[in-house]
Structures are given as structure tokens and as C-alpha cells.
Amino acid sequence: MSQVVSATAKQLIGESQLSRVIDEEVECASVLALEGDLFQISFHAPELSRRAQPGEFAQIWVEQTHTPLLRRPYSFSRADPGTGEIAFYVGVVGEGSRRLRGFAPGQRARILGPLGRGFSLPQRPGRSVLISGGLGAAPFPLLAQVLLQRGEEVAWINGARTSSELYPEELVPEAVNQVIRFTEDASAGSLGRVTAGLGPQLSGTQRVYACGPNPMLAAVFQSIAEAASKLAPAPELEVSIEAPMGCGFGTCLGCAVPLCQSHGGPPLFGLCCRQGPVFPAAMLDWEGLLAQPAHLE
Amino acid sequence: MSAISPALDPRVDLGRGLVLANPVGVASGTFGFGFEAEAMNGIDHLGAIFSKGTTLRPREGNRPPRIAETAAGMLNSIGLQNPGVEVVARDYAPRWARWTVPVIVNVAGSDINEYVEVVSRLDGVEGVSGLELNISCPNIAHGLDFGTEPGAAARCVAEVRAATTLPLVVKLSPNVTDVAEVARAVEDAGADALSAVNTYVGMKISLDRQQPVLPGMGMGGLSGPAVKPLALAVVAKVRRAIAIPLIGIGGIATTADALEFLVAGADAVQVGTANFNNPGVSREIVAGCLAYGAQLRLHRFSELRWQELDHPGSQEPDPDQD
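Chains A and B are the protein sequences, given in the same order. Under this note's numbering, think of the first position of the first sequence as 659, with each following residue one higher. Under this note's numbering, think of the first position of the second sequence as 4, with each following residue one higher.
If you're looking for bench data, these hints aren't it; they were derived computationally from the structure. Keep in mind that the hints are not guaranteed to be accurate.
Stated by the list, open to error - Which bits of chain A does chain B cover? Going by a derived footprint, with three or more residues having C-beta under 8 Å, they are: (1) 682-694; (2) 724-737; (3) 905-911; (4) 925-937.
What the hints assert, rightly or not - Residues from chain A that face chain B, not an exhaustive set, calculated with beta carbons under 10 Å: (5) Gln717; (6) Val750; (7) Gly752; (8) Phe761; (9) Pro871; (10) Pro873; (11) Lys888; (12) Pro902; (13) Ala914; (14) Val915.
Yeah, the Cβ is synthetic: ideal placement off N, Cα and C, and Gly gets one too.
Generate coordinates for the entire structure from the input sequences, incorporating the hints supplied.
Structural data, given as C-alpha cells:
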């Protein structure tokens with residue numbers, strides 16, 4: 659599965675701009691409880707709402723305790739300079755997200771951002787397909803909104819294992835042209851995985867943006883690679899990936915991500931927090947990525 | 004806001020002309036080469052920046068996962084990812100030369116020749132204010148050997164000393180039987196100052212997978228608030244063993260933590276893991292220390308030191324013997 663690309667892949671990926679980063683103590687505006695342990699939490703953060711771009715993330719320090727010690731990264735789901743609010747789509751994974759779900763309006767958290775390199779945006783309008791799996795929907799409301807503002811036609815393939823894990827339709831921006839749902843148990847939308855819905859969408863599409871579990875992203879990459887010969891030109895695929903992350907701004911070197919290169923060579927790593935979390939899919943060593951955990955343990 | 008006492012001189016002399024504007028630095032491996040912080044929070048408040056460990060050739064580092072979270076701490080197994088000394092000397096040092104804060108390059112190697120080659124390349128390079136010799140990185144093969152045996156540590160330091168005119172700090176490993184013995188050997192071999200401690204060897208187990216979280220043998224370096232009491236004890240032991248300046252490191256996350264190390268015998272401190280979750284923490288700690296010094300009407304921070312430490316003949320309780 660891993661492709662042969664130049665060993666200078668690292669040099670081909672830009673880095674995030676840290677001069678835009680701020681660390682603010684902000685107030686929770688609302689917590690919208692969704693199915694199961696999913697929720698959307700909003701903060702009143704006017705400056706961050708102006709700075710956040712699609713695909714960028716924030717490091718949230720829920721409570722300034724020693725355990726858990728490190729902040730956790732969350733993609734901006736919404737950023738509205740009009741209301742001054744930012745929002746994150748979250749599922750309970752560990753202690754920090756469990757405490758976040760219990761937040762009340764007015765409760766404060768420290769938020770560092772915007773961090774990372776986000777999605778690249780089209781210079782000229784065309785057609786984009788967004789593909790999400792489960793919590794991977796998180797960055798797409800903001801991405802869809804910005805793409806639509808630029809005159810892009812946007813289709814969203816929204817998948818999950820089961821309906822209760824599906825990103826809620828009522829939170830999808832209304833102007834999205836087409837929403838196609840897939841669940842692995844047919845409890846909502848069509849039966850199957852998101853890749854089943856991808857094929858018919860590729861023709862006439864310039865850009866595919868994917869976010870979800872790393873195995874899903876690998877499958878999307880594979881599908882597009884297989885279809886590429888029949889498409890001229892093949893759409894560009896950008897993926898927002900997960901890696902165990904420490905600082906989020908490039909100093910701990912914890913969030914190494916394997917980049918692809920000639921087989922048999924020494925390993926080549928990029929940093930998820932500076933060169934990602936959004937990567938051109940062809941730059942990644944997918945076998946290596948699938949062999950590593952997605953979350954900090 | 005209390006004004007800075009005109010009586011307080013916050014400077015710290017680490018020897019051979021290396022004078023820090025205040026006792027608060029940032030630890031190697033927690034601050035990159037300073038450029039991220041320069042862009043985000045600024046660096047002018049710092050007493051010193053101790054760079055990421057630098058080796059002769061570029062290193063890509065270990066395969067992931069490289070970090071794991073533990074109770075009040077974290078484990079890392081980065082594997083000394085760095086661009087190599089040539090890039091550091093050629094591309095980074097000219098940028099440091101424009102800064103007021105001194106940058107002390109942390110140097111790592113797998114044998115004595117490699118240390119000597121790296122420090123020779125850095126000698127006389129404008130922008131490099133000093134060296135911190137990492138004879139104690141637990142995350143690369145053989146990296147621990149020099150730091151754990153007093154004779155080997157002394158040989159390494161003596162050869163490096165002969166190869167450079169730069170101020171030389173030697174960073175001690177806590178993963179040793181008798182840290183005082185290593186400290187004395189390194190001082191005798193020509194170190195200008197010591198820093199203590201590097202990370203503690205630790206392990207985290209995944210019960211789900213019934214194996215360590217970190218790859219390889221599963222071990223990494225433990226840092227964060229969990230190690231502070233251990234590090235304070237090492238600093239006090241080393242302080243009694245040596246006469247040269249000592250930099251305390253280990254779980255410093257607040258002004259009070261930094262001051263505690265000064266009481267325990269450190270002349271300066273390095274803030275480490277706390278830089279990850281709070282990139283503004285070093286600025287808070289510098290301001291906090293200066294305010295504390297002014298409030299107590301100190302002339303020098305060394306006045307905070309526990310007075311027992313200055314009486315080497317006094318009885319040392321040794322819980323290791325229990």
C-alpha cells in the first residue's frame with residue numbers, strides 16, 4: 659500500500675505558522691449533549707474565532723491538574739467571528755473529554771490555538787467531497803462553511819459504525835449540496851462503509867477531504883488510487899490524521915508520523931502538529947501509520 | 004505589582020564567562036532550538052535556553068509511539084531526533100547570535116569521538132554560548148553508559164574539555180547508584196557547572212494489549228511533577244559533593260517549584276515538561292521568582308539555600324540504607 663515518493667517528502671510539506679497562536683482562558687458558552695457520550699462544546703473565544711481556519715486544532719487544558727498532565731488536541735468544528743464562539747465535536751475518550759462533557763456554561767478552560775496546518779482551500783471554485791468516519795466529522799462543519807463561501811460545490815459522505823455514532827444531520831451546514839450517510843449496520847443511511855459511497859462521487863471532483871480513523875483514511879486513499887487511472891485528473895486527497903501528541907506546537911517531537919519514501923530506506927518522520935494534522939495522502943507511509951496508535955495513552 | 008528590589012541581583016554566574024540574567028532556563032528536549040517559542044511567546048525573559056540534544060549526524064528519532072502519559076508525568080522515547088551539528092552550527096547559531104538570551108547547545112553522542120567532533124564543530128561559533136553535555140540520555144543505545152560510571156563520565160568530560168573553550172555544563176543521570184560520585188568525577192574532569200537531573204527510566208504497561216505502551220524494550224524517560232521530590236533529593240546530594248554551580252531540573256511547573264530547587268542547592272533551574280502544556284510557564288516563573296526575591300529583600304537568590312548544605316561535615320541521613 660505504501661507508495662514510492664521522494665525521500666524529500668518532508669521538505670514538500672509546509673509548516674504551520676506559530677505566530678498566530680494564542681493561549682486564552684475562555685468561558686464555556688454551551689454543551690450540546692448528543693447521542694451516547696458524544697457532545698458539542700462551545701466557548702466564547704472571540705480572538706480564536708477570528709483566527710481558526712478549517713483543519714486547524716486547539717490544545718484544550720480542561721483543568722490545570724497534574725493528572726492528566728498534557729492538553730489534548732481537538733479540531734475546530736465551528737468558528738464564528740460574528741458570535742465570537744468556537745465549537746468542538748467531542749466523544750468521551752479519556753479523563754479530559756469526560757470532564758469536558760460535564761462542563762457548565764461559564765466554566766473556564768485554557769485553549770491554545772490555532773495550531774497545525776489545516777486543509778488547503780481551492781483557488782478556483784469546483785467540487786469537493788468530504789468523507790468522515792465517526793468523530794472524524796469534527797473539522798468538517800467549518801471546512802464546509804468556508805468552501806461554500808468560496809462558491810465550491812460540496813458533497814459530504816458521513817459514515818459511522820452505527821446511527822448513534824453518526825454526526826447529527828441537524829448540525830451539518832444547511833448549504834451543503836449533498837449529504838450521503840453510511841452505517842456499517844444500516845441503522846441509518848445506506849449499509850456499508852464510506853468508501854462504498856466514494857466511487858460515484860469522484861467524477862468531476864477536484865478535491866477529496868477525509869477525516870476519521872486511520873484505517874478508514876487508508877481505505878479512502880486506496881480507493882482513489884485504484885480509480886485514478888479512469889479519472890483525468892484524479893482528485894487530490896487530503897487527510898486529517900491522528901497521532902499521540904504532547905505539546906501541539908513542535909517542541910516535544912512526540913507526534914511523529916511516518917512519511918513514505920523508497921522501500922528499504924531508513925524511517926522518515928514528519929510531525930503531526932506542525933506539518934499536519936492535514937497531510938496530502940500520498941505523502942504518508944500508510945503501513946507505518948496503521949501500525950501506530952492514534953491516541954496518547 | 005511589586006517593583007523589583009533595587010537590591011536584588013538576579014544574575015547567575017555559571018563560570019567561564021557564562022552569566023545568566025536570571026536563574027530560570029528551559030530544559031533540553033522541551034524547547035526545541037528556541038524558534039517555536041520565539042514565534043509564540045517570546046524568549047527574552049529567559050535566563051538561558053538549553054537546546055534539543057544535538058548529535059554529529061542528523062537523527063530521525065525512534066518509531067512511534069514516542070510518548071505516554073503517566074500519573075503526574077509523562078514518558079518519552081524520542082530517540083534524539085535532531086538535524087545534526089552541521090545544521091545547528093550553520094543555520095541555527097546565526098539566528099541565536101541576534102538574541103540576548105544565551106543558547107547552550109545540548110550535545111549527545113554514542114562514543115567519546117562523537118562528542119569531541121560535535122563540540123569541536125561548535126567551538127567558536129557565534130551564537131553558541133555554552134555546551135551542556137548529555138551523558139545520560141536513556142533513549143539511545145549506549146547513551147547511558149558514560150553517565151552511569153564515574154570513570155567513563157570523567158574520561159568523556161576530560162576529552163570534551165580539551166576540545167572546546169566554551170563553558171561546559173554536564174547533565175547528570177539520576178539512574179545511578181551514587182550520583183555524588185559521578186558529580187565529583189565530572190567536576191574534577193573540568194566541567195564548569197552541572198545540571199541534574201535528566202529523566203528517570205520508566206515504563207508504562209497497556210493492560211489491554213499486555214505489553215508496554217512504548218516500543219522496543221518499552222522504556223522511556225519519566226519527567227513531570229512526579230519526579231520533583233526525587234530530583235530535589237539528587238540536587239541536595241550533588242550540592243554537597245561539588246563546589247561548581249549546579250542547575251536543578253525535575254518537574255518544575257510553578258514559581259514555588261523553582262524556588263524549592265534553589266533552597267535544595269541549585270544556583271539556577273530548568274523548566275522542562277511544563278513547557279509542553281503551558282508554553283507561557285517560563286515567563287510566569289521568571290516573574291514569580293523576581294517578585295519573591297524582591298518581597299524577601301534578597302540580594303542574591305543564593306541566600307535562599309538551605310544552610311545545612313553549606314556544612315559538608317553535618318550528618319547526612321541516608322534512607323537508601325533502610
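Margin query: Hint validation: Gln717 (chain A) versus chain B, beta carbon distance must be below 10 Å. Holds or violated?
Written below: Holds. Min distance 8 Å.
Margin query: Using C-beta distances, would you say chain B covers the segment 905-911 of chain A, given that this needs three or more residues below 8 Å?
Written below: Since 6 is at least three, the answer is holds.
Checklist line | Restraint outcome when Pro902 (chain A) is required to lie within 10 Å of chain B by C-beta distance | finding: holds, 5 Å
Check: Against chain B, is Pro871 (chain A) within 10 Å by beta-carbon distance?
Finding: Check failed: Cβ of Pro871 (chain A) comes no nearer than 16 Å to chain B, outside 10 Å.
Margin query: Take the shortest C-beta to C-beta distance between Ala914 (chain A) and chain B; is it under 10 Å?
Written below: holds, 5 Å
Next item on the list: Tell me if chain B covers the segment 682-694 of chain A under the three-residue, 8 Å CB rule, please?
Entry: violated (count 0)
Check: Holds or violated: is the Cβ of Val750 (chain A) closer than 10 Å to a Cβ in chain B?
Finding: With a minimum Cβ separation of about 17 Å from chain B (threshold 10 Å), the hint on Val750 (chain A) is violated.
Checklist line | Lys888 (chain A) as an interface hint toward chain B, with CB separation required under 10 Å | finding: violated, 35 Å
Next item on the list: Mind taking a look at whether chain B covers the segment 925-937 of chain A? Criterion is 3 or more residues with CB to CB distance under 8 Å.
Entry: holds (count 3)
Next item on the list: With a cut-off of 10 Å on the beta carbons, see whether Val915 (chain A) makes it to chain B.
Entry: holds, 8 Å
Next item on the list: Using 10 Å as the Cβ threshold, decide whether Phe761 (chain A) counts as touching chain B.
Entry: Check failed: Cβ of Phe761 (chain A) comes no nearer than 19 Å to chain B, outside 10 Å.
Item checked: Restraint check, 10 Å cut-off on beta carbons, for Pro873 (chain A) near chain B -> Check failed: Cβ of Pro873 (chain A) comes no nearer than 16 Å to chain B, outside 10 Å.
In summary, the structure is inconsistent with hints 1, 6, 8, 9, 10 and 11 from the numbered list given earlier, while agreeing with the others.
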